[in-house]
Amino acid sequence: MSSSTPLLSVDELSVVFRRRGADETRAVDGVSFTLEEGRVTGLVGESGCGKSVTSLALMGLLPDRGVSVGGSAVLRLPDGDVDLLALSQKRMRDLRGSRLAMIFQDPLSSLNPVVPIGRQVTEILTRHRGLSGGRARREAADLLYRVGIPDPTRRLREYPHQLSGGMRQRALIAMAVACRPRLMIADEPTTALDVTIQAQILELLRDLVVEEGTALLMITHDLGVVAGLCDDINVLYAGRAVERAPRSRLFADPTHPYTVGLLGSIPRLDAPRGEALTPVRGSVNDNIAWADGCAFAPRCDHYATACLQGPPALVPTEDGGDHVHRCVNPRADAEAADEEPGGAAEDEEERA
Amino acid sequence: MSLLRIEDLKVHFPIRQGVVIDRTIGHVRAVDGVSLAVERGQTYGLVGESGCGKTTLGRAVLRLTDITGGAVWFDGRDLAGLDARSMRRERRRLQMVFQDPLGSLNPRQNVGSILMEGLRTHGIGGPDRGGEAPRGREHRTLVLHEQRGRVVQALERVGLSAKALTRYPHEFSGGQRQRIGIARALVLEPDLIICDEPVSALDVSIQAQVLNLLEELQGELGLTYLVIAHDLAVVRHVSDVVGVMYLGGLVEEADSDDLYRTPLHPYTRSLMSAVPVPDPEVEDARERILLAGDLPSPADPPSGCRFHTRCPWRQDERCATERPELRRLEGVPETGTHRVACHHAERILSGQIQPSEERAERIVHGA
Numbered sequence: 001m002s003s004s005t006p007l008l009s010v011d012e013l014s015v016v017f018r019r020r021g022a023d024e025t026r027a028v029d030g031v032s033f034t035l036e037e038g039r040v041t042g043l044v045g046e047s048g049c050g051k052s053v054t055s056l057a058l059m060g061l062l063p064d065r066g067v068s069v070g071g072s073a074v075l076r077l078p079d080g081d082v083d084l085l086a087l088s089q090k091r092m093r094d095l096r097g098s099r100l101a102m103i104f105q106d107p108l109s110s111l112n113p114v115v116p117i118g119r120q121v122t123e124i125l126t127r128h129r130g131l132s133g134g135r136a137r138r139e140a141a142d143l144l145y146r147v148g149i150p151d152p153t154r155r156l157r158e159y160p161h162q163l164s165g166g167m168r169q170r171a172l173i174a175m176a177v178a179c180r181p182r183l184m185i186a187d188e189p190t191t192a193l194d195v196t197i198q199a200q201i202l203e204l205l206r207d208l209v210v211e212e213g214t215a216l217l218m219i220t221h222d223l224g225v226v227a228g229l230c231d232d233i234n235v236l237y238a239g240r241a242v243e244r245a246p247r248s249r250l251f252a253d254p255t256h257p258y259t260v261g262l263l264g265s266i267p268r269l270d271a272p273r274g275e276a277l278t279p280v281r282g283s284v285n286d287n288i289a290w291a292d293g294c295a296f297a298p299r300c301d302h303y304a305t306a307c308l309q310g311p312p313a314l315v316p317t318e319d320g321g322d323h324v325h326r327c328v329n330p331r332a333d334a335e336a337a338d339e340e341p342g343g344a345a346e347d348e349e350e351r352a
Numbered sequence: 001m002s003l004l005r006i007e008d009l010k011v012h013f014p015i016r017q018g019v020v021i022d023r024t025i026g027h028v029r030a031v032d033g034v035s036l037a038v039e040r041g042q043t044y045g046l047v048g049e050s051g052c053g054k055t056t057l058g059r060a061v062l063r064l065t066d067i068t069g070g071a072v073w074f075d076g077r078d079l080a081g082l083d084a085r086s087m088r089r090e091r092r093r094l095q096m097v098f099q100d101p102l103g104s105l106n107p108r109q110n111v112g113s114i115l116m117e118g119l120r121t122h123g124i125g126g127p128d129r130g131g132e133a134p135r136g137r138e139h140r141t142l143v144l145h146e147q148r149g150r151v152v153q154a155l156e157r158v159g160l161s162a163k164a165l166t167r168y169p170h171e172f173s174g175g176q177r178q179r180i181g182i183a184r185a186l187v188l189e190p191d192l193i194i195c196d197e198p199v200s201a202l203d204v205s206i207q208a209q210v211l212n213l214l215e216e217l218q219g220e221l222g223l224t225y226l227v228i229a230h231d232l233a234v235v236r237h238v239s240d241v242v243g244v245m246y247l248g249g250l251v252e253e254a255d256s257d258d259l260y261r262t263p264l265h266p267y268t269r270s271l272m273s274a275v276p277v278p279d280p281e282v283e284d285a286r287e288r289i290l291l292a293g294d295l296p297s298p299a300d301p302p303s304g305c306r307f308h309t310r311c312p313w314r315q316d317e318r319c320a321t322e323r324p325e326l327r328r329l330e331g332v333p334e335t336g337t338h339r340v341a342c343h344h345a346e347r348i349l350s351g352q353i354q355p356s357e358e359r360a361e362r363i364v365h366g367a
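Chains as they are written, first to last, in our numbering: chain A, 1 to 352; chain B, 1 to 367.
I should point out that these hints are in silico values taken from the structure, not numbers from a laboratory.
Here the structure is a predicted model, which is why all the values come from computation and not from measurement.
Every residue gets a Cβ at the ideal spot worked out from N, C-alpha and C, and that includes glycine.
Just to be clear, a hint being listed does not mean it is correct.
Simulated coverage check for chain B against chain A, where a stretch passes if three residues somewhere in it have a Cβ under 8 Å from a Cβ of chain A [claimed, not checked]:
#1 207 to 219
#2 224 to 235
#3 258 to 272
What follows is a set of in silico ranges between Cβ atoms, one per label pair, in the way DEER data are often shown [said to hold, decoys possible]:
#4 A:Asp106 - B:Glu117: 31 to 37 Å
#5 A:Val16 - B:Ser303: 27 to 33 Å
#6 B:Thr262 - A:Thr126: 33 to 39 Å
#7 A:Gly66 - B:Ser113: 35 to 41 Å
#8 B:Pro302 - A:Gly320: 52 to 58 Å
#9 A:Leu77 - B:Arg318: 55 to 61 Å
If you only want the chain B side, here are some residues facing chain A, beta carbon under 8 Å, derived [to be verified]:
#10 Gln42
#11 Ser173
#12 Gly175
#13 Asp203
#14 Val204
#15 Pro276
#16 Val277
#17 Pro278
#18 Asp279
#19 Val282
#20 Ala285
#21 Arg288
Turn these sequences into a full structure, and let the hints guide you.
Dropping the structure here:
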């Protein structure tokens, strides 16, 4: 990791949802990471791991009632540092769109269906850059062109339903980059798209990071996308990071049993046929609370009694440095290699 | 003989316009002349992007969608010509597993009732009374008992227990629901199961569990699968033969290993180069062919080769005027049963034709 001060440092972020008459839900339970300019940081995990809630918390998009957000997220600005989690709504509105931008998973539901694309793009230019009228429209057309939408002046007059899925996602990216944000959060930006369109969008994001020096937080469940795009990767499980490493280390030498399981679950295009998948047992519902021990222990093939004695800490792995994991009983490489494929019959066994 | 043989299958949906007078102003050619064969005990994987007609093809085989033209031979009978009653009877042997397990299970029916429904419809279970009409409470009890036995057996095969019988779909996780969907298909002891995006709604770790389950069941019961999915890696993992669809037509068909080793059709090549591989070294090193633009509308497909508007290898007039047939390569015997629908496949394979950089949006060569 570079020695420069990070653009955003998130420290012990936690998000707790409270409902009357029900137990509180700790969606994010102490997540820390840093984002640097010109680098892509990945948050990877399955549904329910807290990756999307993390992004909503950073953008200040969670509702006030019934939610408590803890920890800090310090953003470096030219005029001093600010904690995103402590800012007023008004100040946050100024930052969103100008310094911070977000791209959501489903482009159709993030665009207003009854407003033409053009007005949705110029709205940002007017709000944050003070452009209006013809200048705003020209700038909007230029933005659409830059993200690869052909015939942008015609597209500006069209409504979201008239655009294809890939084109809508491009329009959203155009809106996100309209004010050259320093920090961009992309929450599953390609999940709703076909692979050939996904490849186009990922290439576009890669270019933005390289050319503009934007810091990108990439949130995804797809380890394939992560391998091609992210520089640093955080693997999340049940609201906490269980492993963090630069991408080459994570894929070459994963140490946390959950990361190993995730990698073993993906059918690889380049794997020889007939190679069985080695999935993780059970489902996310089989967790225990982090306070009691390792949340992954009930699904782990390699757990010991030590795993259930209090919350495990994030510690450096044997190769040290910036490769850390949250595991008290990591398995050695040799063991991982002759791992037997788990019986699928007992997977997700009935819970009474 | 192949268990399932589809010949020149066409499914066209009319586009209607007008309030008082209903006029048909065109057709969406969802499936437009597809021929393929699925061998007994094997898995045929059909892959393609949204809008390519793969789901419609699966539904047409089961006659859940009306067939416009062509034939569907299943075990020697043409399903396309059957009346509704005989088709219903035939469906005992052809079952389907749907993409969205929550949407395909009735939320007001408990699992037992969902699984029993097929058995009741087809009158399966109970002692054979030699043609005599079954009568009386005693007989009904026997039938119910045997049906329950079959249902429990199917549930156990997919890794659930009899406790699930009295519970409702919402009480299960996504992976478990998909298992129920598979059990519902299994309980009728079908020969062919059509799996339409069986794992795309599931988390990766659960995805792998379901894929392994499908393979185990095939080994135990000798099932034949037609797997329809958009994920080439998933399809390649489970299939013996893979067919690639683009805009209503099959553009390439090959043994799953051959397809990966030597993809012949330009569309397959770009599709393959777009599938992310969870390995940074592979990701950095390989060539990526980024296609320009989106899929054309199937209501107004391009003339000639359907892919010519986006094809980086596009050549002469012929690509735009003559629709290529699915054929074996000439003069390249090692490609075997590999079939491709491209006029220039031989010259693309030998490298005589190079992709044009302007037509591919950009071809990114690995570092």
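To see whether the hints hold, each was checked on the structure:
Figure legend: the segment 207 to 219 of chain B, annotated as covered by chain A; annotation consistent (8 residues with Cβ-Cβ distances under 8 Å, at least 3 required). Remark: the segment 224 to 235 of chain B is confirmed as covered by chain A, as 5 of its residues place a Cβ nearer than 8 Å to a Cβ of that chain, reaching the required three. Only residues whose C-beta sits within less than 8 Å of a C-beta in chain A count toward coverage, and the segment 258 to 272 of chain B has 4 of them, enough to reach three; the restraint holds. Remark: the range hint 31 to 37 Å for A:Asp106 to B:Glu117 is upheld by a beta-carbon distance near 34 Å.
Range check, A:Val16 to B:Ser303: about 60 Å between beta-carbon atoms, so the 27 to 33 Å window is missed. One distance hint, 33 to 39 Å for the beta-carbon pair B:Thr262 and A:Thr126, is violated here, with the actual separation near 54 Å. About 37 Å separates the C-beta atoms of A:Gly66 and B:Ser113, a value consistent with the hinted range of 35 to 41 Å. Checked against the hint of 52 to 58 Å, the C-beta distance between B:Pro302 and A:Gly320 comes to roughly 56 Å, which is consistent with it.
A C-beta distance of roughly 60 Å is found between A:Leu77 and B:Arg318, which places it inside the suggested range of 55 to 61 Å. Hint status for B:Gln42 relative to chain A: violated, with the closest Cβ pair at about 13 Å, above 8 Å. Evaluation of the B:Ser173 hint against chain A yields a held restraint, the C-beta minimum of about 5 Å falling below 8 Å. Using the Cβ-Cβ criterion of 8 Å, the hint placing B:Gly175 at the interface with chain A is satisfied: the shortest such distance is roughly 5 Å.
Among the interface hints, the one on B:Asp203 holds; its C-beta lies about 4 Å from the nearest C-beta in chain A, closer than the 8 Å criterion. A cut of 8 Å between beta carbons decides the hint on B:Val204: the least distance to chain A is about 5 Å, and the hint holds. Nearest Cβ of chain A to the Cβ of B:Pro276: about 3 Å, under the 8 Å cut. The hint holds. At its closest, the beta carbon of B:Val277 sits 6 Å from a beta carbon of chain A; the interface hint therefore holds under the 8 Å criterion.
Given hint, B:Pro278 at the interface with chain A, holds; its Cβ is 4 Å from that chain's nearest Cβ, closer than 8 Å. Because the smallest distance between the Cβ of B:Asp279 and any Cβ of chain A comes to about 6 Å, under 8 Å, the interface hint for this residue holds. Given hint, B:Val282 at the interface with chain A, holds; its Cβ is 6 Å from that chain's nearest Cβ, closer than 8 Å. A cut of 8 Å between beta carbons decides the hint on B:Ala285: the least distance to chain A is about 11 Å, and the hint is violated.
Nearest Cβ of chain A to the Cβ of B:Arg288: about 6 Å, under the 8 Å cut. The hint holds.
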